[in-house]
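Residue numbers (the working numbering), protein chains in the order written: chain A, 49 to 342; chain B, 191 to 956; chain C, 266 to 427.
Since the hints were made in silico from the structure, they are not lab data.
Don't take each hint at face value.
[What the hints assert, rightly or not] Some, not all, of what chain C presents toward chain B, calculated at C-beta under 7 Å:
(1) V282
(2) G308
(3) C337
(4) T340
(5) G344
(6) G348
(7) Q350
(8) Q355
(9) Y368
(10) L396
(11) C403
(12) Y410
[What the hints assert, rightly or not] Taking lysine to aspartate or glutamate and the EDC-like style, the derived pairs with C-alpha atoms no more than 16 Å apart in a straight line are:
(13) C:K268 to C:E281
(14) B:K220 to C:E281
(15) B:K953 to B:D823
(16) B:K220 to C:D335
(17) B:K872 to B:D327
(18) C:K268 to B:D304
Note that CB positions come from ideal geometry on N, CA and C, so glycine has one too.
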Amino acid sequence: MRPFAHFAPGSLDEAVEIFRREGEGGRPLAGGTDLVVQLKEGGHKFPYPRYLVSLRRLPELRALEWRDGQGLLLGAGLTMAEVARAEAVRGRYSALADGAGLVGSLQTMNMATVGGNVCNAAPSADTAPPLLALEASARIVGPEGERLVPLEEFWLGPGQTALRHGEVLVEFLLPPPMPRSASIYRRHTPRQQMDIAVVGVAVAVALDEAGRTLRKVRIALGAVAPTPMRARRAEAALEGQAPTDEAIARAAALAREEARPISDLRGSAAFRRHLVGVMTERLLREAIERARRS
Amino acid sequence: MARETTARPQFRHVGRPVDRIDATGKVTGKTVYGDDLRLPRLLHVKLVHAPLAHARIRRIDASKALAVPGVEAVITAADLPPHHVNPDARAQVLLARDEVLFYGQPVAAVLARDPYTAAYARDLVEVEYEELPAVVDPLEAMREDAPLARTAAIREADRSEEQGHITVEAEQQQAQSRPSNVSSTITFRRGDVEAGFAEADAVVEGTWRSAMVHQSYIEPHVIVADYDASGELSIWSSTQAPFHVRHEVARTLGLPEARVRVTATEVGGGFGGKIYLYEPLVAALAMCVRRPVKLAMSRKEDMLAATPAPQAVVQLKAGMKADGTLVALQARVVYDSGAFPGAPVLPGCLLIGGSYKCPNLDIQGFEVLTNKVSVGALRAPGAPHVAFALESAMDMLAQRLELDPLEVRLKNAVEKGDPLPSGQPYPAIGLKECLEAIARTDIWRERHRSRQRPNRGVGLAVGGWLGGLQPASATVGLNADGTINVTVGAADITGTNTSFAQIAAEELNVPLEMVSVVTGDTRTAPYAGMSAGSKTTYTVGRAVKLAAEDARQQILAIASQRLEVPVEELEMEDGVVRARGQPEKQVTFRELGRLTTGFGARYAPIVGRGAITARRQAPGFTAQVAEVEVDPDTGEVTVLRYAVAQDVGFAINPKSVEGQMQGGAAQGLGIALFEEMVYDEKGRLLNPNLLDYRLPTARDVPPIEAIIVEVPSEEGPYGARIVGEPSIVPGPAAVANAVADAVGARVFEAPITPERVLRALGKLQD
Amino acid sequence: MPKRVISLTVNGSSYEVAVEPWWTLLYTVREELGLTGSKEGCGTGDCGACSMLLDGRLVTSCIVLAVEADGCQVTTIEGLAQGGQLHPVQQAFVEKGAVQCGYCIPGMVMAAYDLLRRNPRPTLEDVRLGLAGNLCRCTGYTKIYEAVLAAAERLRGDGGKG
C-alpha cells in the first residue's frame with residue numbers, strides 16, 4: 049500500500065471536522081474489508097486517498113433501537129456478525145439478517161460493517177437488496193448538516209454513491225413491517241461460501257388480513273445492474289394479486305426481463321438473467337409461505 | 191470418514207498410524223518457513239511484472255524508483271552478473287531482456303529495505319514496450335496463420351525436471367523446420383484403430399476441455415539468497431528439490447556446486463509447483479548487492495508468474511464391443527504450455543492409454559506455445575486432463591451398451607505385464623483391487639437407492655501415475671547418548687521424515703522417541719532426488735532402511751567384540767544389545783555411543799550408510815466415487831459423499847497416507863468444480879487472487895472416505911509404492927459421471943460450473 | 266509524517282509499537298513483535314491463514330490496519346499453548362493427522378478455537394461452516410473435521426457422547 053495518513057476521532061462531530069479541515073482526498077474507514085483490499089490491490093474506484101478517517105470508535109454509529117410506529121434504527125457501524133445475530137433484525141427484517149450472514153467468512157463478518165457494505169456500493173453487495181426491499185433510508189451527517197436519503201437514491205453506479213466529501217452515513221431507518229409479512233435474501237455463488245454474489249435476490253411480501261391477496265411486494269436484485277435495483281414491473285404485476293403459481297411465475301419472468309446484467313468473470317449475462325427468474329420465483333414462494341404462517 | 195487399518199503384528203512401527211514428528215511445531219506456530227527467516231541487512235525484492243502478453247522492451251527508466259528513500263537498487267537483465275542464458279528455458283530467463291512472452295513476466299527487480307517501500311517503488315519503474323501480436327488460445331495457436339508466441343524458434347528446450355516426476359523412456363520430438371507454435375509432438379501407436387472401430391459395437395467420441403489450474407499452495411514462493419565476500423552462495427528456498435536447485439543455479443551462474451548451499455525451508459505446500467524457478471534470479475540479485483535478499487511473492491504475483499498446470503483439449507474416440515471389451519482408442523491431446531516448453535505431453539499421452547488393455551491405439555500429443563505464463567508440474571501432471579476424457583468415455587460406452595460402469599472397468603483394467611502405450615510392461619499394480627474396494631463402499635452399493643432421489647447421482651472414475659525415479663541416500667548415526675540421528679537430503683513435504691523415523695526405529699527395534707530425523711542442506715545432507723514424482727518414501731525410504739540396517743550391523747559387530755559373543759547370538763531391543771539366553775551379557779546403545787565418540791574411543795563412530803538407485807517404477811492406481819446432487823434450475827452441484835481407494839503398496843504411516851489421499855481427492859474436486867485461471871483475449875490474467883480463483887472450502891468438501899489398498903511393490907521399502915500423486919487424477923471425471931447420472935446431461939468442460947451444467951441441460955437462452 | 270505509537274496487548278503481554286498507518290496488523294505482529302506464527306497466504310482476507318482474535322473476534326489480520334487495533338487485545342497462535350502444554354485443539358490436530366504442510370494451521374487452529382468457544386457442541390455442519398473462511402490445500406479437510414470434533418469432546422469432558 050502507498051502511504052496515507054490516518055485519524056481516529058472519538059465522535060461523529062470530530063470526524064466531520066477532520067474532513068472539513070483536511071479537505072479533499074479523505075475516505076472514511078469502517079471495517080476495511082473492502083477498502084483495505086482495494087488500497088492493496090488497486091481496485092478502488094476513487095483516487096487513492098491522502099488520509100483515512102476511522103469510524104471504529106464512533107458511538108453514534110452503533111444504534112440498534114426499535115421504536116414503535118417508526119421502525120428500526122440500525123447503526124452503520126454495526127458489523128455483519130452483529131446484524132446477522134441481532135434479534136431485532138432477525139425477527140422483523142430477516143432478509144437483512146440473511147444478507148449480513150452471507151457476506152463472507154466469519155472473519156469478514158466480524159469486521160465488515162453494514163454501512164461499509166452500502167457505501168462501497170458494489171452492485172453485488174449483500175445487504176443492498178435486503179435494504180432496498182425493506183425500503184430503508186440512510187441518515188447522512190456532514191459539514192452542511194444532516195439529510196435522509198432513501199436507498200434507491202443512494203447508489204449512482206458501481207462504487208459511486210450520493211455521499212459528498214465529508215459526509216458519513218450514520219444509520220439506517222427501516223420502516224415497521226406490515227402484519228403478515230416476511231422477507232428473505234438469497235444469492236447464488238459458485239462455492240458455498242467466500243464468493244461475491246453472481247446474483248442476489250431479496251423479496252419482502254405482506255399478505256392482507258385474510259391471507260388472500262398480496263398487499264405489498266418488493267423485489268430487489270443485486271449484481272445484475274450497475275447498482276442494486278428494484279424490479280418494479282415485477283412488483284406492480286404481483287401487488288394486489290392472489291399469490292397463485294401463475295402470478296408468481298409471471299412476476300419472476302418480469303424480474304428476469306428487468307435485470308440488466310453484464311457478462312463478466314463471475315458469470316454470463318444469460319446465466320444471471322436465468323438465475324434472476326429461478327431465484328425470484330423460489331423466494332416469492334418461500335416468503336409468501338412464511339408470511340402466511342406469521 | 192477414514193477407516194482404520196488393521197494392525198500388523200509383525201511390525202512394531204511401520205504400518206502403524208503415527209503422529210507426524212513436525213506437527214507440534216506447526217500447531218504452535220514455531221515452525222520456521224521462508225518468510226519467517228530473519229537475516230541482518232536483508233533487502234526485500236519486488237519484481238516489475240510486464241503488463242502485456244507479448245512485447246519488445248524498448249527502454250527501462252528506474253530513476254524515479256531509485257529516488258525513493260529506502261530503495262537500494264533496481265536491477266534489469268543488463269545489470270545481472272554474467273550467467274548462462276537459455277531463452278528456451280523459463281528458469282534461465284532470469285529477467286526478460288528483449289522480449290516479453292507472457293503477461294506478468296518479470297522485467298526488473300526493485301530491492302529495498304522493507305516490502306512496502308519496494309512495492310511502492312516498483313510502481314514507479316517506467317518501462318516502454320512495443321506491443322506484439324499475442325496468441326492466447328492453444329487451438330488458434332496451432333493454425334498455420336497464427337501469430338508466433340515467440341519470435342525465435344525453440345532450440346534447446348529443458349525437459350530435465352520432467353524425469354523427476356515421471357521417469358519414462360520415450361522420445362518427444364521437437365517440432366522442426368517451419369516456425370510454429372507447436373514445440374513438440376509425441377505419438378504412440380499400437381495395432382490398427384480403424385479395424386478396431388469397425389469391430390466395435392459402440393463408438394463414442396467427444397472433446398474434453400480442462401482449464402489452466404494453479405497449485406495454490408497456501409504459502410506463495412519465497413526465496414532468500416546471500417552471496418558473501420568469499421564467494422559462497424547460500425539459498426534458502428521453499429523448494430521440493432534442494433539438490434536440483436543447487437545443480438541448476440550453479441550451472442546457470444557458473445559457480446561450483448561445492449560453493450552453493452541450498453537449504454529447503456519448510457514448504458507450505460508444493461504439489462510440483464515449487465521445484466525450481468526464481469532461485470537463479472534471487473541468487474543473481476544477491477550477487478549484485480552483496481547482501482541477503484528475499485523474494486516473498488504475494489498471492490497475486492505468484493498467480494501471475496509461477497508455473498501453473500496447463501489447459502488442455504483432448505479429442506477422444508473410443509470403441510467397445512457388446513461384451514464390454516475395449517477395442518480401440520484414438521486420441522489427440524493438446525496441452526497449452528504457455529510461453530516456454532515444458533507441458534506434460536508425455537505423461538498425458540502415456541496415461542490416456544495406460545488404464546485399460548486395448549489392442550488398438552492411436553495417440554497423438556501436441557505441446558503448443560502461447561503468450562501465457564509457462565506451465566509446470568502439478569500433482570500427476572497431465573493426468574487429470576486425460577482421465578477426464580477417458581473416464582467420461584468409459585461411462586458413455588457403458589451406458590450405450592447397458593453395462594455396469596464398474597464391471598466394464600474391471601473387465602479391461604490393466605494388470606501386471608500389460609503394456610503401456612510406450613511398450614513397457616507394468617510391474618505388479620493394483621487397479622483392479624482399487625475398483626473392488628470401491629465396489630464395497632456404501633456409496634457404490636447404495637447407488638440405486640441414491641438415484642431414486644431426484645437429481646442425485648453416483649459416478650465413478652479411475653486413474654494412475656507411474657512415478658519418478660531418482661537415486662537417493664541417507665545416513666543413520668548413533669549419538670554419544672545412544673539416541674539415533676537420521677539425516678536425509680529430501681525435503682519433507684508429506685510427512686516422509688516421520689516415515690523415515692518409523693523405518694529406522696523398526697530396523698533398530700527402538701522406541702520412536704529415540705530417533706530424530708533431519709533434512710540437511712545440500713552441504714550437510716546426502717543426495718536425494720526431488721520430493722516430487724511421489725517417490726520420496728519409495729527411494730529415500732529404501733536408503734534409510736539400508737542405512738539403518740548398516741548401522742545395526744556396525745552396532746552388532748562392536749557389541750559382539752565387547753561381549754565376546756558371535757553376532758548371530760545377539761538380540762537388539764529398546765537400545766540394549768544382549769546375548770540370547772545370557773541376559774547378563776549386554777551392552778546398551780548409550781555405552782556404545784560413549785565407546786565410539788569419547789576421548790580415546792576404542793571404536794569408530796557408528797555411521798550407517800544407505801544409497802540406492804531406483805530402476806523400477808511402482809505405479810499407483812486409484813479408483814474414486816462421488817455422490818452428487820444437482821440443482822437443475824441453478825446448475826449447482828453439491829458433493830454429498832466421496833470415497834477414494836488407492837493402492838499404496840504398503841502404508842508405512844497409514845494416517846499420513848490417508849491424508850495424502852484425501853488431500854489429492856479434494857484437489858481433484860477443486861479442479862472438477864471450481865478452479866480455472868481466466869485469461870482475456872489479450873492474454874491478461876483476470877483472476878490472480880483467491881477470491882475469483884476458487885479453492886474449495888470446508889463447506890464444499892464433504893468428509894472423504896479413504897480406503898488404503900496394498901498390492902506390494904517389488905522394490906519399495908516393505909512393499910511401499912508411490913503415494914502422493916494418483917489421488918488427484920479421477921476427480922473431474924468422477925464428478926462429470928455423477929452429474930450425468932443425476933440429471934442426464936454431460937459436461938465436457940472442467941471446471942463443471944453451474945453455468946456449464948445449465949448449458950448442458952439446454953436451459954440457457956443467449 | 267512520523268510513525269504512530271500504538272498499544273497492543275498480544276497474548277497477554279503489553280507492547281508499544283511505532284507503526285506506519287498503512288501497516289497491517291499481520292505485518293506488525295510478524296515483523297515488529299517477532300510473532301511469525303500467523304501467516305500471509307493471500308493478503309486479501311480470502312484464505313484465513315492470518316486469522317487471529319482481535320478483542321475476542323476472529324479476524325483476517327492481513328486486511329486490518331495496525332492503527333485500527335490500537336488499544337486492543339490480540340490472541341495469536343502463540344498464545345494458545347499454556348506453560349508448554351498444547352491446548353486441546355492443538356493436541357487434537359496433532360493426533361488426528363490434521364497437519365500436513367502446516368501453513369494454514371495457525372489460522373485454522375485459531376478458527377477452531379474460536380468456534381468451540383462459541384459453540385461447545387458443534388455438529389459436523391457447524392464445524393464446516395465455522396472453518397469455511399480457512400482454506401487448506403493439503404488435507405482435503407477431513408482430518409481437520411475429525412480433530413475439531415475430537416477437541417470439542419475433550420473440552421466438554423465427554424467420554425464419547427455429545
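Status of each hint after checking the structure:
Given the 7 Å rule on beta carbons, the hint for C:V282 is violated: about 15 Å separates it from the nearest Cβ of chain B. Taking 7 Å as the C-beta cut-off, the interface hint given for C:G308 holds, the closest approach to chain B being about 6 Å. Interface restraint check for C:C337: the shortest CB-CB distance to chain B comes to about 20 Å, outside 7 Å, so the restraint is violated. Proximity of C:T340 to chain B is violated relative to the hint, the smallest CB-CB distance being about 12 Å (cut-off 7 Å).
The interface hint given for C:G344 is broken, as the beta carbon of that residue sits about 9 Å from the closest beta carbon of chain B, more than 7 Å. Checking C:G348 against chain B by beta carbon gives a least distance of about 13 Å; that is not within 7 Å, so the hint is violated. The beta carbon of C:Q350 comes no nearer than 11 Å to any beta carbon in chain B, farther than 7 Å, and the hint placing it at the interface is violated. With its C-beta approaching chain B no nearer than about 4 Å, C:Q355 sits inside the 7 Å limit, and its interface hint holds.
The criterion of a C-beta within 7 Å of any C-beta in chain B is met by C:Y368, whose closest approach is roughly 3 Å, and the hint holds. Because the smallest distance between the Cβ of C:L396 and any Cβ of chain B comes to about 4 Å, under 7 Å, the interface hint for this residue holds. Look at C:C403: its Cβ gets to within about 5 Å of chain B, closer than 7 Å, so that hint holds up. For C:Y410, the interface hint holds, the least distance from its beta-carbon to any beta-carbon of chain B being 6 Å, beneath 7 Å.
With a CA separation close to 12 Å, the supplied pair C:K268 and C:E281 stays within the 16 Å bound. Proposed proximity of B:K220 and C:E281 is contradicted: the alpha carbons are some 23 Å apart, above 16 Å. About 8 Å separates the Cα atoms of B:K953 and B:D823, which keeps this hinted pair within 16 Å; it holds. For a cut-off of 16 Å, the pair hint linking B:K220 to C:D335 is broken: about 26 Å separates their Cα positions.
At roughly 10 Å between alpha-carbon atoms, B:K872 and B:D327 fall within 16 Å of each other, so this suggested pair holds. Restraint check for C:K268 and B:D304: satisfied, since their Cα atoms lie roughly 15 Å apart, inside the 16 Å limit.
In this structure, the hints that do not hold are numbers 1, 3, 4, 5, 6, 7, 14 and 16, in rising order.
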